[in-house]
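Going by the UniProt record's numbering, 302 is the number at position 302 of the sequence shown; the sequence numbering is gapless.
In silico DSS-like cross-links for lysine-lysine, where the CA-CA straight-line distance does not exceed 30 Å: (1) Lys484 x Lys626; (2) Lys608 x Lys625; (3) Lys126 x Lys231; (4) Lys221 x Lys96; (5) Lys190 x Lys221; (6) Lys492 x Lys627; (7) Lys190 x Lys204; (8) Lys147 x Lys196; (9) Lys587 x Lys608; (10) Lys130 x Lys103; (11) Lys76 x Lys96; (12) Lys492 x Lys587; (13) Lys601 x Lys499; (14) Lys601 x Lys614; (15) Lys499 x Lys626; (16) Lys579 x Lys601; (17) Lys96 x Lys126; (18) Lys625 x Lys601; (19) Lys625 x Lys610; (20) Lys204 x Lys312; (21) Lys235 x Lys190.
Hints in this document: simulated from the structure, not taken from any laboratory.
Source: prediction; values computed, not measured.
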Amino acid sequence: PDNEISSDCNHLLWNYKLNLTTDPKFESVAREVCKSTIAEIKECADEPVGKGFLVSCLVDHRGNITEYQCHQYITKMTAIIFSDYRLICGFMDDCKADINLLKCGSIRPGEKDAHSQGEVVACLEKGLVKEAEETDPRIQVSDQCKKAILRVAELSSDDFHLDRHLYFACRDDRERFCENTQAGEGRVYKCLFNHKFEESMSEKCRDALTTRQKLIAQDYKVSYSLAKSCKSDLKKYRCNVENLPRSREARLSYLLMCLESAVHRGRQVSSECQGEMLDYRRMLMEDFSLSPEIILSCRGEIEHHCSGLHRKGRTLHCLMKVVRGEKGNVGLNCQQALQTLIQETDPGADYRIDRALNEACESVIQTACKHIRSGDPMILSCLMEHLYTEKMVEDCEHRLLELQYFISRDWKLDTVLYRKCQGDASRLCHTHGWNETSELMPPGAVFSCLYRHAYRTEEQGRRLSRECRAEVQRILHQRAMDVKLDPALQDKCMIDLGKWCSEKTETGQELECLQDHLDDLVSDCRDIVGNLTELESEDIQIEALLMRACEPIIQTFCHEVADNQIDSGDLMECLIQNKHQKEMNEKCAIGVTHFQLVQMKDFRFSYKFKMACKEDVLKLCPNIKKK
Numbered sequence: 001p002d003n004e005i006s007s008d009c010n011h012l013l014w015n016y017k018l019n020l021t022t023d024p025k026f027e028s029v030a031r032e033v034c035k036s037t038i039a040e041i042k043e044c045a046d047e048p049v050g051k052g053f054l055v056s057c058l059v060d061h062r063g064n065i066t067e068y069q070c071h072q073y074i075t076k077m078t079a080i081i082f083s084d085y086r087l088i089c090g091f092m093d094d095c096k097a098d099i100n101l102l103k104c105g106s107i108r109p110g111e112k113d114a115h116s117q118g119e120v121v122a123c124l125e126k127g128l129v130k131e132a133e134e135t136d137p138r139i140q141v142s143d144q145c146k147k148a149i150l151r152v153a154e155l156s157s158d159d160f161h162l163d164r165h166l167y168f169a170c171r172d173d174r175e176r177f178c179e180n181t182q183a184g185e186g187r188v189y190k191c192l193f194n195h196k197f198e199e200s201m202s203e204k205c206r207d208a209l210t211t212r213q214k215l216i217a218q219d220y221k222v223s224y225s226l227a228k229s230c231k232s233d234l235k236k237y238r239c240n241v242e243n244l245p246r247s248r249e250a251r252l253s254y255l256l257m258c259l260e261s262a263v264h265r266g267r268q269v270s271s272e273c274q275g276e277m278l279d280y281r282r283m284l285m286e287d288f289s290l291s292p293e294i295i296l297s298c299r300g301e302i303e304h305h306c307s308g309l310h311r312k313g314r315t316l317h318c319l320m321k322v323v324r325g326e327k328g329n330v331g332l333n334c335q336q337a338l339q340t341l342i343q344e345t346d347p348g349a350d351y352r353i354d355r356a357l358n359e360a361c362e363s364v365i366q367t368a369c370k371h372i373r374s375g376d377p378m379i380l381s382c383l384m385e386h387l388y389t390e391k392m393v394e395d396c397e398h399r400l401l402e403l404q405y406f407i408s409r410d411w412k413l414d415t416v417l418y419r420k421c422q423g424d425a426s427r428l429c430h431t432h433g434w435n436e437t438s439e440l441m442p443p444g445a446v447f448s449c450l451y452r453h454a455y456r457t458e459e460q461g462r463r464l465s466r467e468c469r470a471e472v473q474r475i476l477h478q479r480a481m482d483v484k485l486d487p488a489l490q491d492k493c494m495i496d497l498g499k500w501c502s503e504k505t506e507t508g509q510e511l512e513c514l515q516d517h518l519d520d521l522v523s524d525c526r527d528i529v530g531n532l533t534e535l536e537s538e539d540i541q542i543e544a545l546l547m548r549a550c551e552p553i554i555q556t557f558c559h560e561v562a563d564n565q566i567d568s569g570d571l572m573e574c575l576i577q578n579k580h581q582k583e584m585n586e587k588c589a590i591g592v593t594h595f596q597l598v599q600m601k602d603f604r605f606s607y608k609f610k611m612a613c614k615e616d617v618l619k620l621c622p623n624i625k626k627k
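Hey, can you work out the whole structure from these sequences and the hints?
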C-alpha cells in the first residue's frame, strides 16, 4: 500500500519521474523512439533540444501518433505525467497562485504520497465550475490557470485513468457498471455518465462525474468522443469561427446550437456526430446543475419549489411546472434560462432527450403511437392528439404540457413545423436562421404571422404553401386543448381568466368562458379571443375537444365536409343542421349550441355571412358588430 512507502523512497520516485519528463537524457530516448513521428508533427519538431518540452508536446499530440513503439512509449509517459500535476508542463507556473488562493495545495493534510496529486487538479476544477455558477464570485480563477485546467481535462479525455481524482472515486463503480467497457477513446466516461443516476452509484463517483460533465459544458473538447465525432462537421459548418472568443466558441451549448442549425436547414451532419449530440442533449436535460445559467437564474425557484428533485430531469420539469403557473410565480430570468436550455437540447426533435417525459409517457407511446418510428418528432404530436383521451395517463399529461408550454413559445422548437414552414416564414415573416433571433420578429410572433397568412383567400394575397398550412392547422388544433399553449392568449388574458373564469378548471372551459364574457374583456384580450373565434368559424376542427365529442355525428352525417381540405364553415353548418338527430350526444349538442350563441356576438364569427356581406356591412352598418 502507498502509505507504507518511506519518505526517502517517495522523494526518490518524485525526482525520477521529474527527470523522465524534463531531463535531456530521457528526452533523447523520446527523440530516438519517436523519430519519424517528430518529423511528421511540426510543432514537436520545432521544440528546442534539452529543454524538456518535447515529451510534453508528444503527449499533447498523442492522438495523431501512428507509430506503434512511439505510441506505447508516449502512453506510458502520459500516465506518469498525469499522476502528479507538477509534472504537467507549465501547469505549476500557470496555477501556482490559484492553488494557494483556493487552498488546493493542502487538500489532504498529512498526505505522505507526494506523487499522487489528482486531488489538487480536482480542487481547481471545482473552483472553476463553481465560479461559473455565481453572480459575483468571491474567488476567481485566473485566465491562464483556467486554460491550463481545461487543457489537462482535454488531455485526459480519452482515458479515464488519467483523471486521477475521478479514477479513484469511481474505481468500484467502474467494476459494477462498466466492467466490460474497454478503456480508451472516452468509453469508460461515457458508460459511467449513462449510469450516473443509478441508485447504487456511489455519491463520490457521482460528484466526480458531474464535475467532469460541467467541464464538458464549458469546453466540448473535454469529451473525446464528441470532439472526435464532430470535428469535420464543426469545420464544415464553421462552428469554430476564429473571431469568436474561445470561451464562447468552446462551450457545449454553442456547438449544439450551431450543429442543430445545420441539421434543421437540411444539411448533412454525420450520424456519429448526431449520435454524440443526442447523448449530450439528453445529459443537459437530465441534470439541471450542468447549466450554470439555470443555477444563476433559478436558484430561488429551485429552493422554494423544487428542492430534493435532482435526478433524471425532475428538477427541470418542476421548474417548467412553476413557469406554467401551477406552483407559484417564476422570475423572468429563470423563464428565459429555461427557454434557452430547451432550444439547446431541442427535445421537440426527439422526445427521448427528455428522460422525465420519456419515462412518464412510455406506456402511451407503446399503445397510441406504436405506428411511429422511435425518436421521430411526430411522437410528440401523436401524444398531443391523445391528450385527455382514455389512452393518456396523468403523469404523461403533466410532463407533456410542461414541455409543450416552451415549444409553443418558439416556433422553431416544433421540428416538423419548422421543416415545412421555414421557406414561408422567411418569405412572409422575414425570419432569420434557426439559431438567430430578431428584435423585429421574436420567435413567439412568427407563428402568429404564419396563421394570419394560413387563412387568407386568393384575393387577399400571399398564402402559405399547402404543407405549411397543414402544419399550422395541426398546431392550432393542439393549442386549443389548453389556453397556456397559446402564448398570446395567456399573456393578454391572464387578468380576465382570473376575473371571470377562475372556477372553469375543466379542459377547454377557459376559452368558452372567455367567449361568453367577450364584451367584458379588456381590449387586448377581446381582440385575441375574437380573432381565434373568427378562425374557428372558418375551421371548427381547431376546436379539437368539440370535434372529439362530435365524432359519431360527423362520421354518420358530415364525413364528406369533414374530409375537405378547406372547411369554410361547412362542418359547423352540418352539425347545426343535425343537432336534433337521435345520435347526437349531450357534449356535442352543448358545444354546438354554445358556438351558435357566440356567433351572435359578432358578424365575423359566421364565416359565410362575413365573406358574403363584409363590404356591405362596412358601407351600410359600420358601427354594428352583433350579427
